[in-house]
Amino acid sequence: MALRKKKDHGSEEPRRPRGRRAPIIELNDVTKVYPGGHMALDRVNLAIGRGEFVFLVGPTGCGKSTLIKMLIRELAASEGSVKIAGRDIGKLSEKKIPQLRRNIGTVFQDFKLLPDRTVYDNVAYALQVIGASRAEIREQVPQTLRLVGLSTKIHSYPDELSGGEQQRVSVARAFVNHPPLLLADEPSGNLDPVTSIGIMQLLYRINKAGTTVVVVTHDREMVDNMRRRVIELYEGRVVRDEVSGGYTEESTTEFGLRMQAGMGVGPDGDTRTNGHSDHDHLS
Amino acid sequence: MGRIVFFFQEALRALKRNGAPSLAAIVTTVVTVVLLGMLIPIFQTAQGKSEEVRDQLNVQYALYDDATKAEIASLKKELEGIPHVAEVTFVSKTAALNTLKSELKDKTIVEELHTNPLPNSFEVKADDAANLAAVQEAVYPNGPQGKSISPIISNPFDRQQSSDKIEQVTSALKVVLTVITALLILASLMLVGNTIRLSIYTRRREVEVMRLVGATRWFIRWPFMIEGVVVGLVGGLLAILILWLGKITIVDPLSDSIGVLAAQNSTTLGFPALVAILFAASIFVSTIGSGLTLRRFLKV
Numbered sequence: 001m002a003l004r005k006k007k008d009h010g011s012e013e014p015r016r017p018r019g020r021r022a023p024i025i026e027l028n029d030v031t032k033v034y035p036g037g038h039m040a041l042d043r044v045n046l047a048i049g050r051g052e053f054v055f056l057v058g059p060t061g062c063g064k065s066t067l068i069k070m071l072i073r074e075l076a077a078s079e080g081s082v083k084i085a086g087r088d089i090g091k092l093s094e095k096k097i098p099q100l101r102r103n104i105g106t107v108f109q110d111f112k113l114l115p116d117r118t119v120y121d122n123v124a125y126a127l128q129v130i131g132a133s134r135a136e137i138r139e140q141v142p143q144t145l146r147l148v149g150l151s152t153k154i155h156s157y158p159d160e161l162s163g164g165e166q167q168r169v170s171v172a173r174a175f176v177n178h179p180p181l182l183l184a185d186e187p188s189g190n191l192d193p194v195t196s197i198g199i200m201q202l203l204y205r206i207n208k209a210g211t212t213v214v215v216v217t218h219d220r221e222m223v224d225n226m227r228r229r230v231i232e233l234y235e236g237r238v239v240r241d242e243v244s245g246g247y248t249e250e251s252t253t254e255f256g257l258r259m260q261a262g263m264g265v266g267p268d269g270d271t272r273t274n275g276h277s278d279h280d281h282l283s
Numbered sequence: 284m285g286r287i288v289f290f291f292q293e294a295l296r297a298l299k300r301n302g303a304p305s306l307a308a309i310v311t312t313v314v315t316v317v318l319l320g321m322l323i324p325i326f327q328t329a330q331g332k333s334e335e336v337r338d339q340l341n342v343q344y345a346l347y348d349d350a351t352k353a354e355i356a357s358l359k360k361e362l363e364g365i366p367h368v369a370e371v372t373f374v375s376k377t378a379a380l381n382t383l384k385s386e387l388k389d390k391t392i393v394e395e396l397h398t399n400p401l402p403n404s405f406e407v408k409a410d411d412a413a414n415l416a417a418v419q420e421a422v423y424p425n426g427p428q429g430k431s432i433s434p435i436i437s438n439p440f441d442r443q444q445s446s447d448k449i450e451q452v453t454s455a456l457k458v459v460l461t462v463i464t465a466l467l468i469l470a471s472l473m474l475v476g477n478t479i480r481l482s483i484y485t486r487r488r489e490v491e492v493m494r495l496v497g498a499t500r501w502f503i504r505w506p507f508m509i510e511g512v513v514v515g516l517v518g519g520l521l522a523i524l525i526l527w528l529g530k531i532t533i534v535d536p537l538s539d540s541i542g543v544l545a546a547q548n549s550t551t552l553g554f555p556a557l558v559a560i561l562f563a564a565s566i567f568v569s570t571i572g573s574g575l576t577l578r579r580f581l582k583v
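Going line by line, the protein sequences match chains A and B. Number 147 in the numbering used here belongs to position 147 of the first sequence; there are no gaps in the numbering. For any residue, its number in the numbering used here is found by taking its place in the second sequence, counting from 1, and adding 283.
It cannot be assumed that every hint is accurate.
Unchecked claim - Result set (DSS-like, lysine-lysine): computed pairs, CA atoms no more than 30 Å apart in a straight line:
#	chain 1	residue 1	chain 2	residue 2
1	B	376	B	359
2	A	153	B	299
3	B	359	B	384
4	B	352	B	299
5	A	112	A	96
6	B	408	A	95
7	B	376	B	352
8	B	299	B	582
9	A	112	B	299
10	B	352	B	384
11	B	299	A	69
12	B	408	B	376
13	A	91	B	582
14	B	408	B	390
15	B	359	B	408
16	A	112	A	91
17	A	112	B	582
18	B	408	B	430
19	B	582	A	83
20	A	96	B	582
21	B	360	B	376
22	B	530	B	457
23	B	390	B	376
24	A	96	A	83
In case anyone wonders, no lab produced these hints; they're calculated from the structure.
The whole structure should be built from the sequences, with the hints applied where relevant.
And the structure:
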């Protein structure tokens, strides 16, 4: 699939102006009706360009999760087309679906870590099952764990980690093969505000390295403080799609500080999530 | 290469985690294979015996002791005149007794008889085993209960009847044993399937993660397939070990004194061939068991 750019992560490639290439996500009149007759999505149109950082918000049951499932072809649209990098994934054969998913990292509220494997093995697992070589695994896994700030915990098991750390492992697993698109479904749903900011900063850092990031959340207040593009769904329709300009080029630190200010938590609340991030080579 | 190692690691990990059901599946496979391993030689021996009897080309007709030489000579002519009769041999009382003597191990039984209870007889050979019935009909035109063509014939030694009897017994035995074996195969199929199903259930998170990161369908399936095949492999090996021990400790010493067991060694398929069949069968059954379960319960 021509989805993946050449390995440019970490090389600070300037963001491409939107619209030159096909948007990485494009939905045209997408409708999803579940077998019971419930309409989860109703003629949704939206386009997300490469390198964007987008929030998808809305109350429970508004169709956010349905939308995410559609993007990874867990579900097929009832009507309309879902295009990833210009390609209609509704027309993908069963055989091509794994290839699509290799190009999309996914992070979920419940982490989905394997409890009987260490942090290292959990992240390596994602590479093993797509048939990566051992050399590749040995190179990518420590590097990704360093990126998410878990270098010291590689031999811990998930139940020995805090919620925030577990979510970092899951982000590492989603990002370890450097997909051009990362979907995070309520990544901070189970975490306290300070830890949430840490995860958001991490996702932002990944975004700054060139990966398109879509974060799903039901927390409208938080996204108002983010000043990022926000797409809001309500009862299966897009009711708001706005870009808050002026902050697109801020550093991870600025991003984090502003979020903390917006959410009313101090910068010293959680050293684990802040300590390493400021001077990371990616920011 | 790395993949294959990965598949086996995953399969063994799952087997360990589901110890009890895996063991149940293995034990059922062992029982099934052991039973099959005993049934196959038994069937073959029984089949061989009844065919051996049936394939003999001759019928013997016992004669009354008071028949005169002239009557015997004319009956011989008459028998030789029947179509499809190839040869008619007269077996005298003494000759019959000598044959009996030579066949028995314990000669004293014959010596204690003092008199010769065996009759004179004619051994009538047909040109083909298939024509034996026609020959018999010619001798007994009104059926076996009716009158024969000559008053000096007392009764036929009907080998056909004895082969029918052997066949009746073995076919009844066959039906019963086949049903039992079929049920056991079904049970081990289902138990292997159940083991895999449980494994899918306990590993649903792995499956979910594999799907999310884009593992292919067969990449996800292989460990489960291997798990099922390992059950068949271990079960088959254990069963063959049990059969082999049984053969060298029970069957081999007995076959010296029991003719039927000895016959099995020469006329039926050898132990290595039997082992190969059983081994293939156990792997086949476990593969089918896990394959069907994967089709039904692992939607990837």
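Each hint tested on the structure:
| no. | hint | verdict |
| --- | --- | --- |
| 1 | B:376 with B:359 | holds (16 Å) |
| 2 | A:153 with B:299 | holds (27 Å) |
| 3 | B:359 with B:384 | holds (26 Å) |
| 4 | B:352 with B:299 | violated (84 Å) |
| 5 | A:112 with A:96 | holds (24 Å) |
| 6 | B:408 with A:95 | violated (71 Å) |
| 7 | B:376 with B:352 | holds (14 Å) |
| 8 | B:299 with B:582 | holds (24 Å) |
| 9 | A:112 with B:299 | holds (22 Å) |
| 10 | B:352 with B:384 | holds (26 Å) |
| 11 | B:299 with A:69 | violated (33 Å) |
| 12 | B:408 with B:376 | holds (19 Å) |
| 13 | A:91 with B:582 | holds (19 Å) |
| 14 | B:408 with B:390 | holds (29 Å) |
| 15 | B:359 with B:408 | holds (12 Å) |
| 16 | A:112 with A:91 | holds (28 Å) |
| 17 | A:112 with B:582 | holds (18 Å) |
| 18 | B:408 with B:430 | holds (21 Å) |
| 19 | B:582 with A:83 | holds (24 Å) |
| 20 | A:96 with B:582 | holds (16 Å) |
| 21 | B:360 with B:376 | holds (20 Å) |
| 22 | B:530 with B:457 | holds (22 Å) |
| 23 | B:390 with B:376 | holds (17 Å) |
| 24 | A:96 with A:83 | holds (14 Å) |
Of the numbered hints listed earlier, those contradicted by the structure are 4, 6, 11.
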